[in-house]
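Colleague: Below, each chain spelled out in residue letters.
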Amino acid sequence: MAARALTKGLWGLRQSRAITVGYPAAGHFYSTEAAVKSPTLQCMMFQVINDCLTIRSERIMTLPLEKPDFFRVSELFSVKSLFEARVHLGHKKGCRHRLMEPYLYGCRLEQDIIDLDQTVEHLQLALNFTAHVAYRGGVILFVSRQRQFSQLVENTAKGCGEYAHTRYWQGGLLTNAPIQYGPGVRLPDLIVFLSTLNNVFQQHVGIRDAAKMNIPTIGVVDSNCNPSLLTYPVPGNDDTPIAMELYCHLFKMIINRAKDKRKHMELLPSAAPPHASELLKTSN
Amino acid sequence: MAGSRLERFGTVYSRVRDLMRSGVIKPSQKPIWFDVYEAFPPKKEPLYVKPHTRTATKKQEPVPEIFYREDEIRAKFFEHYGSGYRSFLLHKPDFVSTSQRFVDKYMELKSRGELEEAALFEETGKALLAEGITLKKRGAPSVSAESRESRLTDMSAEEQTVGAGSEETTDTADTTNTHTT
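In order, the protein sequence lines correspond to chains E and B. Count along the first sequence starting at 1, add 17, and that's the number in this note's numbering. Count along the second sequence starting at 1, add 35, and that's the number in this note's numbering.
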């Protein structure tokens with residue numbers, strides 16, 4: 018690494034000069050002109066290829082962040098599809114959580130109706146974040162303590178090659194992981210809560226634990242849930258089967274899309290070309 | 036890897052950023068999601084909100100109740116006719132219930148004609164009867180007796196049987212719930 022940096026710097030010093038006096042190339046000095054030409058040319062080419070590769074690998078990581086919707090999340094759903102999946106139906110007025118009031122559209126005959134315009138924005142942000150984390154090879158954990166959807170959530174995780182936890186959450190799962198699971202265990206980089214409540218209608222312990230371990234969280238919050246600690250809350254119904262199927266389908270699709278995109282970027286050189294300005298930067 | 040387990044102070048992002056700034060987390064150990072969060076931050080920072088138990092402070096903007104102009108018509112319909120004999124098939128996205136048809140016909144007649152409310156109500160009932168939807172009235176027997184007489188004066192066999200049918204079902208309709216808003 019140090020040698021490469023050294024040669025890069027020195028290469029930058031003598032770029033377009035004629036080959037007269039010895040160039041320091043890979044630590045060797047050449048005095049004669051003829052001897053200077055071919056080995057330095059090879060080293061030059063080697064340098065250029067190396068630079069291109071490093072720039073390309075950086076480019077693979079930075080290119081998706083420059084575009085606002087690299088994974089085309091907005092094409093996956095609309096307000097109409099959310100309405101048909103009955104995502105807007107909340108619980109009754111008495112069950113309402115104080116912090117969910119900004120996300121509610123209104124109250125129809127004592128049943129809270131969630132504002133789908135806000136849900137669309139939040140869901141787009143959440144799916145976009147998931148896609149980027151999956152693109153960078155992050156570990157995603159799906160959590161839901163609803164017994165009727167545990168099979169669905171586990172199948173979703175299997176379908177996109179990620180992980181799910183739909184059973185009893187042991188106290189030290191995240192906070193005491195090295196002791197419970199062995200040293201050097203890798204914690205998830207993102208936790209997706211498809212229902213933020215546990216079986217006794219209290220907030221799931223995993224939300225607080227993830228915040229403790231500095232892991233970002235995405236969660237579907239119904240009108241009786243607390244959205245404060247979640248990084249990307251998504252206000253929506255979490256009790257209807259059709260709504261849960263929609264969420265699982267969206268997450269599975271976006272994660273698979275992100276992983277395919279990553280493979281595509283790595284295999285095809287044309288997909289992530291090094292930017293002209295970056296090449297000029299290193300050569301100067 | 037070093038971390039900060041204080042979930043009540045700041046957000047996940049602010050804690051990691053400050054740990055990196057102070058050098059506790061090395062740049063090589065930067066979390067995967069850090070750049071993504073910086074590029075696409077959430078709408079509201081995920082700060083911990085203390086649950087205050089005092090409910091003395093009244094909220095300025097409670098969640099608004101949703102009512103429509105057609106609700107008045109619906110209320111009168113359900114009070115007069117009770118819940119319809121047809122159940123609500125909600126799994127069909129384009130389902131139109133009896134009450135909704137009544138409301139649509141009412142609005143149509145209102146925009147078309149110059150009748151006032153009470154007459155409009157009767158007219159809508161008759162229009163729906165003409166279309167083939169029988170509306171079984173619930174309410175005081177005197178109301179149905181009047182309607183029966185008006186039908187008999189029309190001198191048509193079908194309306195006599197309909198009148199007999201509506202008289203039979205007034206007893207069963209009393210057990211239905213009222214839909215009040």
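Keep in mind that the hints were calculated from the coordinates and are not lab data. Built from N, CA and C at the ideal position, the CB exists for glycine as well. One thing to keep in mind: the hints can contain errors.
[Unchecked claim] Incomplete in silico selection of chain B near chain E, CB under 8 Å:
hint : residue
1    : Glu-42
2    : Asp-53
3    : Ala-74
4    : Val-98
Colleague: Hint validation: Glu-42(B) versus chain E, beta carbon distance must be below 8 Å. Holds or violated?
Modeller: holds (4 Å)
Colleague: Quick check on the hint: Asp-53(B) CB to chain E CB, less than 8 Å?
Modeller: Violated, about 11 Å.
Colleague: With a cut-off of 8 Å on the beta carbons, see whether Ala-74(B) makes it to chain E.
Modeller: holds (4 Å)
Colleague: Should the interface hint for Val-98(B) be scored as holding, given a Cβ-Cβ cut-off of 8 Å against chain E?
Modeller: Because about 5 Å separates Val-98(B) from the closest Cβ in chain E, which is inside the 8 Å limit, the hint holds.
In summary, the one numbered hint that this structure violates is 2.
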